[in-house]
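Undergrad: Each chain, written out:
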Amino acid sequence: MITRRAQYEAVRRVVGPFLAELQAWQRRYKRLRRRGGKPKESPFGPPLESVGPLKDLMTRHYLEGRYADGAVPVAWVTSGFPVELLRALGYHTLYPENHAALCGVQRLTPEYSDRAERDGYSRCLCSYARTDIGGVLLDKTPAGRLPRPDLLACCTNICQTVLYWYRCLADHFKVPLVLIDTPFVYGEAQEHDLTYVRDQLAEALTTAERVAGRSLDWDQLARVVRLAQEGSVLWGECLAESRQRPAPWTGFDGFFHIAPIVALRGTEGCNAYYRHLLDELRDRVKKGIGGVRSERFRLMWDNLPIWFNVRELSTQLAEQGFNIVVTTYTNAWAEAGRRIDPDDIFGSAASAYTNIILNEDLDRRLALMKRLAAEYQVDGALLHSDRSCKPYSIGQVDLKDRLGAELGIKALLLEADHNDPRAYSSEQGATRLQAFMEGFQ
Amino acid sequence: MSRPRLGATGNMSKQNLPDRNQVIREQKEGRGRKVLGVLPIHYPKELLTAMDVLAVEIWGPPGAPRSAQVGRLQSYVCAVARNALAFVAGGGADLVDGFLYPHTCDSIQGLATQIPDFGGAAGKAALRYRSPKGKARPSLRRYLREELARLAREIEALTGRALDPERLRWSLGLHHRIDSVRAELLDGRARFGGSDAELYGILRRGECLWPEDHLSELERVAERLEPGPVQKGTPLLVSGIVPEPMEIFDRLADAGAYVAGDDYAAIGRRVVREAPDLEGDPLDALAARMLAAPPCSTRSSDLGERLAHLDWLRERGGCAGVVLHTVKFCEPELFDVSGIRSHLASRGLPLLVVEGELESELSGQVVTRLEAFVEMVAAARGNP
Ligand code: SF4
Ligand code: SF4
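First to last, the sequence lines map onto chains A and B.
Under the numbering used here, think of the first position of the first sequence as 918, with each following residue one higher.
Under the numbering used here, think of the first position of the second sequence as 3, with each following residue one higher.
Simulated from the structure, these hints should not be mistaken for lab results.
Small disclaimer: the values here were computed from a predicted structure and weren't measured.
Note that beta-carbon positions come from the ideal geometry of N, C-alpha and C, so glycine has one too.
Warning: the hint list may mix true and false statements.
Simulated coverage check for chain A against chain B, where a stretch passes if three residues somewhere in it have a Cβ under 8 angstroms from a Cβ of chain B [as the list claims (entries may be wrong)]:
| no. | segment |
| --- | --- |
| 1 | 1037 to 1047 |
| 2 | 1068 to 1081 |
| 3 | 1092 to 1104 |
| 4 | 1150 to 1158 |
| 5 | 1303 to 1313 |
Generate the whole structure from the sequences, applying the supplied hints.
TA: So this is what it looks like as structure tokens:
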């Protein structure tokens, strides 16, 4: 245990920062070498400098994870779980959804899913879950090694699927599963809904303390909550820069830069990163630098990204002057921050984590999309009909029709899957997208 | 073009299921009762009965979707939800006064907002039962009671009548008697001389009959139980969501098997064996009764508890194999398949997984698989 802790601290304090510095140095060196050379033809604006620090931050996070189990308590957590509680108890947290997305980008899902399918997990199930479970069964990850969990922490505010998935993980790892079950919201959350969530937070805390072998330091929790709130606001400000014309980055960039607010929410590292990104985005706005070289049409994206196809899709769009300037997915992490109140931690957390886009009725979702469409002055919408994600996709056919009828914007439903390339025909997708774009000319 | 009717549901009508529209009319006009179309699966039926509301369950209906409204849901959503949308939004359930949407899974939860918000049941009340998930714990028990009280207020608004605690006690007692007879029939399956198709036809009449009428029918059938076993075929345990198409029972029988243990979410998982406490607060008793139901994936019960329950069913019925008859794209149930498979394998028990889409009849391929499975199980127990 002591050796493990020493290794973990060494990685956290020495190896991680050293590697980050080394990578930063390599980037500077590459830039110097590139100077003077002819820039490659690209439909995009100059790449964001913040990509480097983003990679460093996430690499360090996964690197620390390799040495975390046995050194500090480890929790595997769903993206909508009130992680502040665990953070304040000293847990290293791992987000299987974020890790699955990493696998998705690298097109590893078919291999991992095959393994899960061999064990009886149907291909009809969410591809994040199949990727994660397959990775666990294969004991493989592109991150080198994942720490074994001591605790599983699940919140149903994004879907009920995560609970089925985490029940399987709990059975596999034989570790406790804490659950925050958030009643679905019609209009406004009711008093007994919020009381239920608050009560569950208290129950989850008891289990998390027992597993961590320590009691919660409430001052530390208040600090973490403040950081989480600040991080969420900063993330919202980064997104809001795309209200400018041209938008200084693309929605596809946002899909990648969301990683810290999902996986490192409530840490100074996360906030420092977003301050850096915000400065860069503001600077680009000032200089009129766009995410795409010549922005002609602005689009909204609904649902998760198609992780394995981001480059192809974004290039096809950018080549014809289309930019995704807002996405309901990345926006979700900015909305929650508004409700967090460090002076009423459990009460405000109950409200913040219950009022999440996927836990709210479709009337509210439509109202949100209409508000975003107006704020970001979009000309059209792309709705990714995601085979794997029922909660996000049910209602999209009607949403598409209503966006068209009520806002007069063009909208396309694009059938795909967020992680599994076997459920997507890129030729067909490209053809449909092309026809959609031609409608704007 | 004539409207699709609740009673005209392919195989179900073949199994002597009642004409639902006729039942609805009789209850509304003859008894002055309100009627709710109820989506699957678990809901506090006792509360509806106590408040004089007839529950008519909407399981699809099976077969091809009943209207073009099905296009409002993508093809990767399960057939139970898609057919329900097509049916409800196509006007198939126009006779009911409203709909009750239990938050069974992401798909029904989606319908619970899609239909009322975006059209399909204009002028009909939309009631929701947001069932809590996970293990019973103090927070869940408190919430469940509050949620039942909230639902009761919604029903009061629909009926214009207040919930009478005495009437709820009466209803709890009635449903306990119904479940006791259902349990007796399922447990005593080997002593029932009729076919599975007949038995399930009777059990499923409870999906739309007024509960007292259903109880009388069940009691009459229970009188036919013999003192000793009369079934000679290969005993199987069947689990899954809903027995559709009901042809599955005929095909199992043709192959020489019968259902000796039932774990369908629509059937056995709704049979509560514990007697309710009728002395205290009836809403507390109702909440306790709901939590005493057998483990179910849609309630996110603990997997270990579900496996233990399957063992219990299997041992009690002497089942020599298990058929998991589930619905394609049904996330709650499909996540459990792996755990069930390895659990049964560790006990040397054969398992057949059949995924359906609420077809009106089984495909030839599924029939062949069922036949081969029964043959294999029979051979293994030396019972060719
Ligand atoms: S992709 Fe959808 S179904 Fe899968 S975990 Fe995320 S919200 Fe749930
Ligand atoms: S079959 Fe499964 S996914 Fe479909 S409505 Fe029933 S529980 Fe939900």
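Undergrad: Each hint: holds or not?
TA: Structure-based check of all given hints:
1. 1037 to 1047: Since three or more residues must qualify, the claim that chain B covers the segment 1037 to 1047 of chain A holds, with 7 doing so at under 8 angstroms.
2. 1068 to 1081: Holds, because 6 residues of the segment 1068 to 1081 of chain A bring their Cβ atoms closer than 8 angstroms to Cβ atoms of chain B.
3. 1092 to 1104: holds (count 5)
4. 1150 to 1158: With 0 residues closer than 8 angstroms to chain B, the segment 1150 to 1158 of chain A misses the three-residue bar; violated.
5. 1303 to 1313: holds (count 7)
This entry does not satisfy hint 4, going by the numbered hints stated previously; all others are met.
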